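Asker: These are the residues of each chain, in order.
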Amino acid sequence: MSYDKFAEKQAYKKQLKKALRDAEFGAEAELKMTSLMDIFVNVLIYLLMNYSTSPVDVQQNAERRLPKSSTKNPIKMYITVGVTKKMILVNKKRVCEVQDGSIDASYKKDKKASSYVIMPLFKALKDAANKAKKLSRRNSSIKFKGEVMIVADRNMPFRLLAEVMYTAGQAEYGKYRFAVVKKGG
Amino acid sequence: MARKPRIPEEVKDVNIMPLMNIIMLLIPFLIMSTEFIKIGLINVAAPKIGGAPSQADNQNKPKKKPLNLTVQVSKKGLTVMAYNQKMPQGCNLADLKNPGVKKFPTIKKNENNKHNYKELTKCLVKIKSQNLDEARLIIMADPEIPYHVIIKLMDASRESPDAKTITKKERDNLFPEVVISAGVV
Chain A
1 MSYDKFAEKQ AYKKQLKKAL RDAEFGAEAE LKMTSLMDIF VNVLIYLLMN
51 YSTSPVDVQQ NAERRLPKSS TKNPIKMYIT VGVTKKMILV NKKRVCEVQD
101 GSIDASYKKD KKASSYVIMP LFKALKDAAN KAKKLSRRNS SIKFKGEVMI
151 VADRNMPFRL LAEVMYTAGQ AEYGKYRFAV VKKGG
Chain B
1 MARKPRIPEE VKDVNIMPLM NIIMLLIPFL IMSTEFIKIG LINVAAPKIG
51 GAPSQADNQN KPKKKPLNLT VQVSKKGLTV MAYNQKMPQG CNLADLKNPG
101 VKKFPTIKKN ENNKHNYKEL TKCLVKIKSQ NLDEARLIIM ADPEIPYHVI
151 IKLMDASRES PDAKTITKKE RDNLFPEVVI SAGVV
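Protein chains in written order, with the numbering used here: chain A, 1 to 185; chain B, 1 to 185.
The set of hints was computed from the structure by calculation and includes no laboratory data.
Treat each hint with caution, since some may be false.
Taking CB as the label site, the calculated pair distances span [to be verified]:
#1 B:GLN85 with A:SER141: 27 to 33 angstroms
#2 B:ILE22 with A:GLU24: 38 to 44 angstroms
#3 B:LEU132 with A:LYS86: 26 to 32 angstroms
#4 B:GLU144 with A:GLY174: 40 to 46 angstroms
#5 A:SER2 with B:LEU25: 43 to 49 angstroms
#6 B:ILE22 with A:LYS134: 53 to 59 angstroms
#7 A:SER114 with B:ILE37: 34 to 40 angstroms
#8 B:MET17 with A:MET77: 52 to 58 angstroms
#9 A:MET77 with B:LYS103: 45 to 51 angstroms
All values reported here derive from a predicted model rather than from experimental measurement.
Just so it is clear, CB atoms sit at the ideal spot from N, CA and C, and this is done for glycine as well.
Could you put together the complete structure from these sequences and hints?
Answerer: Written out as structure tokens, the structure reads:
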């Protein structure tokens, strides 16, 4: 018998024994997970890095694109007034609608189009100010500073910006912080 | 003769190694191509509606005339005002006292119909060299001027490498304190 045929016969016998053993005891399925674990580690690292870049998540979308600026100030947590192409939000809750970059007179003080006070925004900010003052009365380490972060679309007209700022000022939020995208290195 | 035992068919594992290879190549590529957006803040003071700006800062120096440096943004260009007077083209403080024909706006838009922020920075450096203590800038704009123009204006007026030699400061060496004014002067 040649060596090849002998080896073939041995291999066949070995295979036969294993097959019989598996048929009796049940085959053991092995799942190779090394590559899968590599992917999971990669994705985990990506998510961790993304999570640590900023404490506030401001999504850029078609409704609102932040303007770019060379400012170096880092972001902090403040009450947010968001202005998109379609609405005004306070802490991500809608308070008012925006039509063609301006506010309808029905939302303004005394229903006058020339007024700078936007009533729903004023009410929402006033409520927030009262809550913050109550908190500071109970806990002396928290002080009401009157700081508000304005997160607005880059194409918002100046008039709307002035109205939002004036309304916030009337609600005792006189310290403004504009949220922008840091440009350059 | 004993029956030849039938070898149960071996279940072959699906070889997913090539697929994993592709995924392992794609994931780092996608991660590298994502933009990590960093959000920054710009601090701004309260807007004033109508009338001349306040003179509260000059209580300590009643004899010195307040600079009231203002930049007005219109569709035609940027107009710089100092001592409540519009500065004509050329941006010389001395021109304020000269009678004669004066051309406005101080800084016209350039050929691409965009505001010339570099000229504005040069102009502000000239003014800063004569008013080292002054850090306040008032911004006024026509109602339809978009928000990103105001942000770029703030960037152009906050600091300049040319002002480093004048003020000995590297950052915030021009007019970092910005006040938004919605009135008409």
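Asker: Could you run down the list of hints and mark each one as holding or not?
Answerer: Outcome of the hint check:
1. B:GLN85 with A:SER141: 27 to 33 angstroms: 48 angstroms, violated
2. B:ILE22 with A:GLU24: 38 to 44 angstroms: 40 angstroms, holds
3. B:LEU132 with A:LYS86: 26 to 32 angstroms: Given range 26 to 32 angstroms: violated, Cβ gap about 46 angstroms.
4. B:GLU144 with A:GLY174: 40 to 46 angstroms: This hint is violated: roughly 26 angstroms between Cβ atoms.
5. A:SER2 with B:LEU25: 43 to 49 angstroms: 46 angstroms, holds
6. B:ILE22 with A:LYS134: 53 to 59 angstroms: 58 angstroms, holds
7. A:SER114 with B:ILE37: 34 to 40 angstroms: 37 angstroms, holds
8. B:MET17 with A:MET77: 52 to 58 angstroms: 47 angstroms, violated
9. A:MET77 with B:LYS103: 45 to 51 angstroms: 48 angstroms Cβ-Cβ, so the 45 to 51 angstroms window holds.
Hints 1, 3, 4 and 8 from the earlier list are contradicted by this structure; the remaining hints agree with it.
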